Amino acid sequence: MVSMRKRPLTPKEKHDRKMTIVYTAISVILALAVWLTVSYPGFKSGRVFAPPQKVLTAFEEQAKTSLIWVHIGASVYRVLVGFGLAFVVAVPTSFLMGWYKPFREIVQPWLRFIRCIPPLAFIPLVIVGAGVGESAKIIVIFIAAFLVMVISIYGGVVNVDNTLIKAARVLGANDRTIFLKVIIPASIPYIIIGARLGLSSSLTTLIAAELTGAQRGLGQMIQEAANYFKMDVVLMGIIIIGVVGLLFEKIVSIAERRLTAWQETREM
Amino acid sequence: MAGNSRDVKVDIKGVRRIFTGGEIDVVALNGIDLQLYDNEFVCVVGPSGCGKSTLLNILAGLDKQTDGEITVDGGRIDGPSPDRGVVFQQYALFPWLTVRKNVEFGLRNQGLPERQVRETADKYINMVQLQDFANSYPKVLSGGMKQRVAIARAYAMNPSLLLLDEPFGALDAQTRAQLQADLLQTWEAEEKTCFFITHDVEEAVLLAQRVVIMSARPGRIKRIVDIDIPHPRTQETRLSQEFSVLKNTIWAEVYHEYLTQRK
Ligand SMILES: Nc1ncnc2c1ncn2[C@@H]1O[C@H](COP(=O)(O)OP(=O)(O)OP(=O)(O)O)[C@@H](O)[C@H]1O
Ligand SMILES: [Mg+2]
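Residue numbers (the working numbering), protein chains in the order written: chain Y, 1 to 268; chain G, 1 to 263.
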């Protein structure tokens with residue numbers, strides 16, 4: 001754990017950190033400036049983009065009635081359940097595909113076929129089969145997240161460095177030990193990449209699914225606001241989706257740092 | 001050395017290995033007869049693709065010959081065994097394990113009691129002088145240090161036969177010289193039968209009691225040269241007359257094979 005030992009920062013590192021903060025600030029200010037410009041009432045784009053203060057007011061209003069939390073909660077709940085189920089199924093499926101040739105040969109053509117179909121195309125099927133309730137949305141998210149995760153995790157499982165497996169075997173490891181102590185840890189970076197892709201495609205798919213019909217959820221909120229031409233609420237919804245995405249990304253990054261501290265990283 | 005009264009450790013008789021399944025069948029080994037004696041240090045040199053790694057993999061139990069017979073201590077090889085240690089060119093350390101855990105990996109597979117695992121690991125980590133890095137991940141180590149961990153990991157299993165496939169091939173000249181000296185010292189202290197593949201003829205002469213020269217593919221043994229330079233050997237051994245004569249003889253043979261392969 002030498003690499004993780006807390007030590008005082010060198011002057012260069014201190015400087016680098018300071019610069020990162022400065023650049024981040026510039027980045028945010030620039031984005032706000034662009035926003036302010038395009039939302040200027042005199043411009044044509046002002047009809048589409050509500051200015052920051054209006055979006056903020058819209059948020060305050062929605063927060064007062066706590067309706068916004070209902071929407072956020074509904075969307076996050078669906079993503080987490082759909083993604084969680086997909087993750088729990090994708091990991092063993094990927095390992096089975098990597099480990100048992102017959103299983104791989106049978107399942108792979110299905111995956112190749114299904115991956116070309118946008119998950120949203122399944123919505124009519126799902127609605128007929130599972131109604132318009134929660135489970136329909138969760139099933140669509142499940143399909144989307146499961147596919148990207150299986151493809152990415154399986155890619156990792158089959159690319160485990162063969163020399164490491166040989167090294168384990170000459171050190172007396174049996175199949176079980178090789179699986180638990182070599183294949184699984186070697187695949188963790190790919191599992192994390194899979195989780196990252198899975199979360200983002202869950203979110204994308206969910207919002208699209210909600211846009212096509214739901215009682216609650218960020219997608220539904222945006223759709224309804226658009227019907228009444230409440231562009232401030234639309235923009236607020238979009239921004240909230242972005243923030244939720246960033247938070248998910250942050251959680252994955254933290255997990256990544258804890259689980260793959262051993263990985264060689266390229267110095268930037 | 002060959003022909004003296006020492007016991008035969010490894011007996012290789014008429015071994016052939018043909019790789020099928022590709023576009024053409026590749027004859028990697030075409031009738032290898034070789035005996036390794038107890039506690040002998042044998043180096044194998046030969047042009048690229050002549051089947052050196054193939055032979056080592058078979059000895060390790062990671063591959064199987066197509067024909068022929070191999071016995072180790074009188075018994076047939078059936079898969080890998082902790083009694084036959086392997087050091088790979090690419091270190092093959094588990095990057096998610098610390099140096100200590102890497103060295104302990106094989107010991108744990110043997111189900112030794114925890115205390116013995118720790119003590120044995122300590123002993124071999126000290127042997128390669130990496131006690132300060134015992135809790136580091138391989139990513140912070142230099143190539144030379146990584147290979148020292150790999151050697152410690154193999155030694156910790158206390159194999160009676162050590163198979164090394166160009167272990168120093170990826171290292172710079174100074175590190176290589178250092179590790180050669182270390183390996184010589186270790187071998188002189190704790191004798192084992194070593195089967196050491198290298199491209200570096202000088203390295204072969206420095207380390208080996210016999211150098212096996214293989215001919216270009218399909219791999220056969222072309223000649224075996226006894227290296228009658230007494231132990232202990234050090235880097236100074238390179239300066240002797242005897243050393244350069246042997247080195248030049250072997251080098252000429254290997255170069256000749258390299259030329260035939262190019263034609
Ligand atoms: N798994 C395999 N399948 C097919 N052919 C193989 C396989 N492994 C090795 N070969 C072939 O067998 C021959 C001998 O390979 P080997 O790796 O033993 O050579 P080598 O002497 O170790 O070469 P180098 O010095 O470059 O490491 C080569 O022609 C190689 O292409
Ligand atoms: Mg080789």
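Bear in mind the hints are in silico, worked out from the structure with no lab data behind them.
Since the model is a prediction, treat every value here as computed from it, not as a measurement.
Just so it is clear, CB atoms sit at the ideal spot from N, CA and C, and this is done for glycine as well.
There could be a bad hint or two in this list.
[As the list claims (entries may be wrong)] Covered stretches of chain Y (in silico footprint by chain G; criterion: 3 or more residues with CB under 8 Å from a CB of chain G, positions within the stretch not fixed):
| id | stretch |
| --- | --- |
| 1 | 168-178 |
| 2 | 181-191 |
[Said to hold, decoys possible] Quick list of in silico lysine-lysine cross-link-like pairs, BS3-like style, CA-CA up to 30 Å:
| id | chain 1 | residue 1 | chain 2 | residue 2 |
| --- | --- | --- | --- | --- |
| 3 | Y | K166 | G | K247 |
| 4 | G | K139 | Y | K181 |
| 5 | Y | K166 | G | K64 |
| 6 | Y | K64 | G | K192 |
| 7 | Y | K181 | G | K13 |
| 8 | Y | K166 | G | K13 |
| 9 | G | K222 | Y | K250 |
| 10 | G | K139 | Y | K12 |
| 11 | G | K64 | Y | K250 |
| 12 | G | K139 | Y | K18 |
| 13 | Y | K181 | G | K123 |
| 14 | G | K139 | Y | K230 |
Do at least three Cβ atoms from the stretch 181-191 of chain Y come closer than 8 Å to Cβ atoms of chain G? holds (count 5)
Does K12 of chain Y lie within 30 Å of K139 of chain G when you go C-alpha to C-alpha? Holds - the C-alpha atoms of K12 of chain Y and K139 of chain G are around 22 Å apart, at most 30 Å.
Within a Cα-Cα threshold of 30 Å, do K64 of chain Y and K192 of chain G meet the stated pairing? violated, 79 Å
Quickly compare the C-alpha distance for K166 of chain Y and K13 of chain G to 30 Å and report which way the hint goes. OK: K166 of chain Y and K13 of chain G at ~25 Å, within 30 Å.
Would the pair K166 of chain Y and K64 of chain G pass a check requiring their Cα atoms to be no farther apart than 30 Å? It holds: about 14 Å lies between the C-alpha atoms, which stays within 30 Å.
Is K181 of chain Y close enough to K13 of chain G, meaning Cα to Cα at most 30 Å? violated, 36 Å
K139 of chain G and K18 of chain Y: Cα distance at most 30 Å? holds, 27 Å
Holds or violated: K139 of chain G with K230 of chain Y, Cα cutoff 30 Å? Status violated; Cα separation ~54 Å.
Are the Cα atoms of K166 of chain Y and K247 of chain G separated by 30 Å or less? Judged against 30 Å, a Cα distance of about 33 Å means the pair is violated.
Restraint check for K64 of chain G with K250 of chain Y, where alpha carbons must lie at most 30 Å apart: Roughly 49 Å between the alpha carbons, so the hint for K64 of chain G and K250 of chain Y is violated.
For the pair supplied as a hint, K139 of chain G and K181 of chain Y, is the alpha-carbon distance within the 30 Å limit? holds, 18 Å
Do the alpha carbons of K181 of chain Y and K123 of chain G lie within 30 Å of each other, as the hint requires? holds, 24 Å
Going through the hint list in order, the structure does not satisfy hints 3, 6, 7, 9, 11, 14.
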